[in-house]
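*Asks:* On the provided structure of chain A, position chain B as indicated by the hints.
The lines below spell out each chain.
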Amino acid sequence: MNLIMEPLLIEAFKDKVPNATDTYRTVLDAMSRPARVRPLPVITGTPDGLRAGSVAVLLTLADTDTPVWLAPECDTAIAREYLRFHVGCPITETPSQAAFAVMTTRSDSTALEAMPLGTAEYPDRSATIIVESDDLIGNTGPRFTGPGIEHYRRFEIAETPDDLWPRIADNSLLFPRGLDWIFVSSTHIAALPRSTKVEM
Amino acid sequence: MPDIHADNSAPNLAISPRQRWMGVLARADGAELEAHWANYKQGGGYDVLRQPESGLVMVRGRAGGNGQQFNLGEITVTRCSVRLREGAIGHAYVAGRNRQHAELAAAFDALLQTPSLRDVIESLVIAPLEKKFQVAQEERSKKAAATKVNFFTMVRGEDE
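As they're listed, the protein sequences go chains A and B. Start counting the first sequence at 18; every next residue gets the next number (my numbering). Start counting the second sequence at 23; every next residue gets the next number (my numbering).
Calculated from the structure, these hints are not laboratory results. The beta carbon of each residue, even a glycine, is placed where N, CA and C say it ideally should be. None of the hints are false.
With a cut-off of at most 30 Å between alpha-carbon atoms, the simulated BS3-like pairs for lysine-lysine come out as follows:
(1) B/Lys153 with B/Lys63
(2) B/Lys154 with B/Lys170
(3) B/Lys153 with B/Lys165
(4) B/Lys154 with B/Lys164
(5) B/Lys63 with A/Lys33
(6) A/Lys31 with B/Lys63
These stretches of chain B come out as covered by chain A in the derived footprint (C-beta under 8 Å, 3 or more residues):
(7) 63-77
(8) 105-111
Isolated chain A, as found in the complex (with noise of 0.2 Å):
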């Protein structure tokens, strides 16, 4: 038995049930008050490759039933021992299977287009993109306006990728299909969903 070859595991919600509602609430209310900077009620230990802030997102909302796809800057070992141990999601190499997608704001973003973006039937076969930023930032920007935003609000992150709010614009064109975003850093959260539109 080689036990140095073991990764080192460690361990994730120390009060499982408790913090993944919390987590889930805040998640949810992400994606109801799109481009609202909050912060993570529950943060972590996180594995080599990820962040505290996708850590947390895939505890809560992955499970067997969800692929989930991991940009070549997150896909460590040890990040999949974790995934594997914690939530027990399937890692795939496919874009186009994955229920979930995991990358930086320093990814090649080609992988996005093969990510699917539901039917006119089931819109909800779709891929939820957590994006990974060293920093969030509000009340700077882009301004979207959309569902869960009265006038307009305004949202940035830290090296934001020049495809990323073309890509995000094309992407609220598709609605009712179309890719879901999580922002995430180490310590906050903002979600985009297809809902929102962009103005540059």
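*Replies:* Chain B alone, transformed into the frame defined by chain A:
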């Protein structure tokens, strides 16, 4: 879903000692494990990977031990996973909802994977617990055997 039983080739003998001690630890009395643990807790200690949590598991049986499989019923099972500071990971699934029992069984499972400790724990903890379990089981079998009733069908007539 992948079929974990798909590989029907020769059983992996390397894991069977571990299956044995995990079984012994799971069947042991929680309080007894606690008493044993007192002798080992001055070591490096452990971190909990998965806090003890209870759930239901369907117990299946076969009529007569080799008949059709059927669902006997659900039992409460508590599981726990720990990692020793030295690195070994231990898991435990024990019947009932004794969280402390599950945690200690996982800790012992991890210790037993540490080569330098295995023989000591095997002889001081596992062997006595196993012996005790076997004695209790024999006792129970004897009691049951004493009340066994054999039914005979005498000549029924219609055959031959």
